[in-house]
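Participant: The lines below spell out each chain.
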Amino acid sequence: MAKPAKHKKKRQHIELPHAGASPGTIFIDSKALNPIIKLYRYNAESYEVKELKDISNLKVLLQDKTHTFWVEIKGFSSLALFETLSRDFNVNKLTLEDITRTYQRPKQEEYDHYVFAVSRMLQLDENQNLENQQYSFLLTDNALFTFQENYEDCLDPVRSRLKIGKGNIRLGGSSYLMYALMDIIIDTYFEILGAWGDELDNIEDRLFDKPDKTVMFDTQLIKRNLINIRRVAWPERDKLNDILRSDSHLITDQTKMYIRDAYDHCIQIIDIVESLKEISASNIDMYLSIISNRMNEIMKVLTIISSIFIPLTFIAGIYGMNFANVDPVTGKLLPQNMPELYQANGYLYTMVIMALIAVLQIIYFWRKGWFK
Amino acid sequence: MAKPAKHKKKRQHIELPHAGASPGTIFIDSKALNPIIKLYRYNAESYEVKELKDISNLKVLLQDKTHTFWVEIKGFSSLALFETLSRDFNVNKLTLEDITRTYQRPKQEEYDHYVFAVSRMLQLDENQNLENQQYSFLLTDNALFTFQENYEDCLDPVRSRLKIGKGNIRLGGSSYLMYALMDIIIDTYFEILGAWGDELDNIEDRLFDKPDKTVMFDTQLIKRNLINIRRVAWPERDKLNDILRSDSHLITDQTKMYIRDAYDHCIQIIDIVESLKEISASNIDMYLSIISNRMNEIMKVLTIISSIFIPLTFIAGIYGMNFANVDPVTGKLLPQNMPELYQANGYLYTMVIMALIAVLQIIYFWRKGWFK
Amino acid sequence: MAKPAKHKKKRQHIELPHAGASPGTIFIDSKALNPIIKLYRYNAESYEVKELKDISNLKVLLQDKTHTFWVEIKGFSSLALFETLSRDFNVNKLTLEDITRTYQRPKQEEYDHYVFAVSRMLQLDENQNLENQQYSFLLTDNALFTFQENYEDCLDPVRSRLKIGKGNIRLGGSSYLMYALMDIIIDTYFEILGAWGDELDNIEDRLFDKPDKTVMFDTQLIKRNLINIRRVAWPERDKLNDILRSDSHLITDQTKMYIRDAYDHCIQIIDIVESLKEISASNIDMYLSIISNRMNEIMKVLTIISSIFIPLTFIAGIYGMNFANVDPVTGKLLPQNMPELYQANGYLYTMVIMALIAVLQIIYFWRKGWFK
Amino acid sequence: MAKPAKHKKKRQHIELPHAGASPGTIFIDSKALNPIIKLYRYNAESYEVKELKDISNLKVLLQDKTHTFWVEIKGFSSLALFETLSRDFNVNKLTLEDITRTYQRPKQEEYDHYVFAVSRMLQLDENQNLENQQYSFLLTDNALFTFQENYEDCLDPVRSRLKIGKGNIRLGGSSYLMYALMDIIIDTYFEILGAWGDELDNIEDRLFDKPDKTVMFDTQLIKRNLINIRRVAWPERDKLNDILRSDSHLITDQTKMYIRDAYDHCIQIIDIVESLKEISASNIDMYLSIISNRMNEIMKVLTIISSIFIPLTFIAGIYGMNFANVDPVTGKLLPQNMPELYQANGYLYTMVIMALIAVLQIIYFWRKGWFK
Amino acid sequence: MAKPAKHKKKRQHIELPHAGASPGTIFIDSKALNPIIKLYRYNAESYEVKELKDISNLKVLLQDKTHTFWVEIKGFSSLALFETLSRDFNVNKLTLEDITRTYQRPKQEEYDHYVFAVSRMLQLDENQNLENQQYSFLLTDNALFTFQENYEDCLDPVRSRLKIGKGNIRLGGSSYLMYALMDIIIDTYFEILGAWGDELDNIEDRLFDKPDKTVMFDTQLIKRNLINIRRVAWPERDKLNDILRSDSHLITDQTKMYIRDAYDHCIQIIDIVESLKEISASNIDMYLSIISNRMNEIMKVLTIISSIFIPLTFIAGIYGMNFANVDPVTGKLLPQNMPELYQANGYLYTMVIMALIAVLQIIYFWRKGWFK
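Protein chains in written order, with the UniProt record's numbering: chain H, 1 to 372; chain P, 1 to 372; chain D, 1 to 372; chain U, 1 to 372; chain G, 1 to 372.
Since the hints were derived computationally from the structure, they do not count as laboratory data.
Given that identical chains are not distinguished, each listed pair holds provided it fits within a single copy or across any two copies.
Below, simulated SDA-like cross-link-like pairs (lysine to any residue); rule was C-alpha separation at most 20 Å, straight line: (1) K107 / R237; (2) K74 / N34; (3) K166 / S22; (4) K256 / L94; (5) K93 / G167; (6) K93 / F27; (7) K74 / E149; (8) K38 / T140; (9) K107 / L244; (10) K368 / L207; (11) K372 / E297; (12) K210 / K368; (13) K38 / S160; (14) K372 / Q361; (15) K38 / R159; (16) K256 / E109; (17) K38 / D54; (18) K277 / I227.
On a predicted model such as this, the values are computed, not experimentally measured, just so you know.
Extracted from the complex, chain H is given alone in its bound form:
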């Protein structure tokens, strides 16, 4: 039985720190991408985007308090970039380490002049593997810095809402922008869960139609993915709750009202994850019971056929024995040896007895309910 190709999944290694580095060390991976830096500058009336080569003069640009700024940084290969952040914007070294070591759980941390937050951006790649990317936020009074390791993301809807100025997004300031990004990241979780919910439905159909062992493998795969998403959703919930209860002046009351909405979504996600986990477990239980049932059926076939024919074969064996009724050497008669063989209807009687035994056994099995 060939293993389905899709189980050759890309391993999702849990990336881990290496012991011994000094705390607060900025970590530049050798495979890090070159940074692409975009600066969005907008207020209710105006909107412009430009790509920056570096952030050396960003401090000056951001002194314009009539606009809100989104500094979007993709790719971490430039150590200078982080050093500029540290120098010009007084960002704590531990924060920079957390941005560059991309295995952080969702969390929110308040500092005197900025708020640092982490979301996990989940996406299904073309092979339905779950990709789990860190998305970091650095919120100041009129700017939001965001950091992501790769170039792809799921944030285009926010960018286009920003561009066309629909809804609150141009009015809400930097904290509303942070909310909008967090919210869309959470919303993609729903899409992923929806896909898995459908997959579980398909698996359940297969359970009824033709259960084979891929049912088990596929369900376990989804279950493991659900474990991964739950590892993200619970701390995400805590993070949103921390933001709701935050005293920081950087997060406006209006934003908090929206964060409460995102918090509700996050609760729903946890709720759906738990439900899907229970459905997975129930699928596995049913699969195992189907296996047991099938074993029972197989054994019943074997037992019925063996039980009927083994005794009959024995009887045939008896009358296949060569006990002689005449000694071939001396010619002495041995009349007690298998006289049945020399009766006119011996064969007939034997066949009738065999048929009787078979019928009795069939009745016995019938009444035990083995034919149902």
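Position chains P, D, U and G relative to chain H; hints supplied.
Facilitator: Here is chains P, D, U and G on its own, set in the frame of chain H:
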């Protein structure tokens, strides 16, 4: 074995938001029904119902503070309706989004001038599938707005109590009406659970009488439904608790006393759900143990019959061998070849030995307790 | 295999409210018993009991503050009785509904002038079925009303202590009487749990001596009963805790000291229930492992016998073939056809080879440990 | 298969109160031992022990505030003793009931002039059964009363430390003595858990070497004992925590510092219990998987042998058929009946074909990995 | 089947105290190593290390408040050392007992003039066994004492950072040094978990490729190690939280900021442990389902072959019977005995019938899906 038709259940898709929409967007489904709007106007003495075409002049009507109003809205196809609510009654956009995106969990949210609450109305359809409809409440000082997506509901008893003016319902104001509706929605949960409890009892009877694999399927189906109802009951409990602890002036102390009663009911529902889940689990355990037992029985039959007849067949096979005691070509005597065959009582002795072997085995199996 | 009669248990239907009734409706079941009303009037010195026909002049009697009164009401068929309670003693309608709808969980509710509490009286009937009856308390300053649906109860020890005036019971006032009744109800739980503990011990003995499938059924029955008792014990604990923390002047400090003792008992009950549940689970695990072991043994017997005799039978079959060494028609010699048959010791050699094969297999199985 | 003797365990009946006794009744069991009363009188300089016949003049003795007293009472047959306690030392009736009803959970209760506490003394008897004895403490300002039902205990190390005056014990007052006794009782739990840990290691070795069904029984026995010790350890922890948070002047700050140490020990015990429970569960899982594996192996042997020889036996059976190529009566030739039998190499060809079939099957099973 | 050598694991005995010792007794194991004492003396500018023979004049050295000191003590054989600590540095006896009894859980305790803390240093030895060593901290204003039982540790990265003066380490004072050591100890947990994660991935690969029973053993081994690491990680988390909330002036605010980072790491560890546990459980579930499936396959082979050939063998057996159509003695014709044998095409017809039966059965099994 044909699958019972009832497993062809209607899928209960968990409806999910789509990522990227601006928060606070009113969502009008393409399949939404045309709104039916009824206005109930009552106080202790008077009661009247009329159907409205739209709610454009509702603001004026509701300025009559001598009556309580129930604005019952069924069907969401009219965007204008929600815009009127937003304009005339200053309803928050997020609230309107929650009303129209009907996958909210039960919750209660307080705003300055209204209270928003969500209940989930559960009903069994004709195929015993669980339907899960959102029922939203918008409570103001002298009016209650309710919203439901479909036309059917389980609220007729409240409507008739309102009509005949029995009990507290005409005196308690808008918050009591909200309570009465929430209460009847919760009470239907009891009916559903009662039906499933009976079903589980039936399944248990089948376990004792003729356990087959539908036991497993049916129990799993109920278990999954119990998961669904639990997903509703826990947040419902939290919602009622939030209302109990609410500071809002819109909810009277008398209503809170009744809400405490509904809260007790909700605790009971959770309690029953957990009990039924344990009963389901216990049914499944028993089913699996029955399967194992049955396998044991099948194997015992096979083993007893095989063990008895296989050695006997072997003996018969021995004496069916054709070792010659006279070489047919040379006529040389070969007296050592199967001399038993040429003894006067060889056949008899063989049969006695076979019988003995069979009896010994039967005794052996008997003492092992395999015939019990 | 006949099902043991005791599994024909009386179903313990979870009684459920019907949706739609107005909250606060007194519910008189059509099968309700006629009320028997007893009035106990006592203080440190005096004690008298009389049966009342109705409670119409009870209000007057209870104005005697030198005595404590116990108004014991059994049977709910009289609507008038409850209306009198409502009118004369100002009892809330919701309280009366809770008294008459006898599926309440244990709880305590404080009102201005009385305390309402519910206990669940558990008793084993003659068939060892668990009966679960509601016992309601209505505590005023100098009187305790109690309500029970049926005539039987387990409270005689309290009545006799009251009569002979032993201990605190005549001095402690109405709240102590309520405690004494609650305490004895809890104490009967111990007796029931003791009976089930013994039953589980018996089942465990059967597990070692002759495990059959009734082990599973009986353990599951106890497990289900434990679920029921736990559903009662947890809210009972909460109720007692609520009374301990109550501010009501109706419950004296001395009574609270005793309630603390009852609370300890309740904790012990929960503790025992959890232990018995774990013992049940462990019994079921052991049963399933015994089943598996037995299957292994059965299969070993089958495999040993089949493996030994099937090859031997094959050999016997070989020499039972009729390949001719002389063509019966032409008389041509066919010396290559089964020459073994015409050797002087062919039979002997064959038997030796068969014995060898059997011995080798037995050694093989022995070394695999299958004979242990 | 004989049951191992050690499973004939002494039942550890959970002792239970009998419903109906008046609360606060001193309970003297008919099998209670005669009390042995020892009075330890000590301070930093002096130490003396004497055995008392009764405690009638204890009140006078204890007025000497320059010494600390330990009144050690073993055996409960004297009602007079408890009545003296009640009269001379004003001990609450509920306390005396708790001392004499020896199924209390560990707890601490503060009264105006004394502190009452209960520990559970666990010991393994010679058959490795767990004995669970109640040890009660009654702490006053300069005296500690202790109560135990039987004469044996595990407290000798404390007595000898008291005698030789090592460490804090003579200086710490009555509350330190209570701590020292509680601490040694907890320390014996470690010894018991250590013994069980070793036993579980042995069981695990047997799992690898020769797993038989005693593995299951022995593991379940330990698991059940672990449940018992957990039932003691959790309330013990709560008790120590209550003492730590106690406001009673009877417990000195220095004692509390030591109690914190005992609390740490108790946490460790709970921790070890949970670990051992998980190890037990893991042993059981492995045992079940070993059983399954063994079943697989047994079935493989059966299937390989049956599958190889059954078809061969069939072929042999074919050529054992007696279809005649000459009608024995008429002498008519029937050349189509089994011509193979009369071919010069028929036997040889048949044997070759049989060998071929066998080899093909062996290759098939080999490639399926059944010989590994 | 040989057991893999790696299961001959070194037992990780849970070391336990022996009952009866006086609390606060310093415990010197007979196998304790000779102490190696190193004194690190450093500030921002200077750094020096020297090895001390004893700590008798340490009190004087530490009065230099311009430097921070790290007193690193490895090996506990010297009682004098601990007595000096007690006398010169006024360390509580309970603290010294905790240092020398090396089975403490991670914890933090504040005293007037020092903070005592315990970490557990985990390391994998060359056989991949988990070693669990206690590392104790004693923090004063300008010095950190650390205690470890063995000479090996994982702290070299901190020593070299201290030497080269990189990062905060020379500036942060004694509390920062304590943090740095705690942090590196926690970071090694990540490495261990990473190794186990990889091992679980390998096991999963084996599950798909060639599942055998080592899968079960290896997974259980990892699961047990995960239980051990969890027993360390949870109290570690609590310890870090206690330090975060500590009021002690000995722990600076800057250190607390770093401790928050370590706390995050600890949460991540717990998170990973739980995920790996779930993956282990899922591997075991899949293994068991694979076992079941394989059993099904084995049984199918047996059943198909037996079911096809047993009936055919029976038919062959029939025509192997020796019913005579001529009485060999009298020569009487017995025409009813097996006339089929004397038909011209009897053999052919029989073979055709046999083939038919075989084909029908194959079709039957095919349609049942047994060949898939």
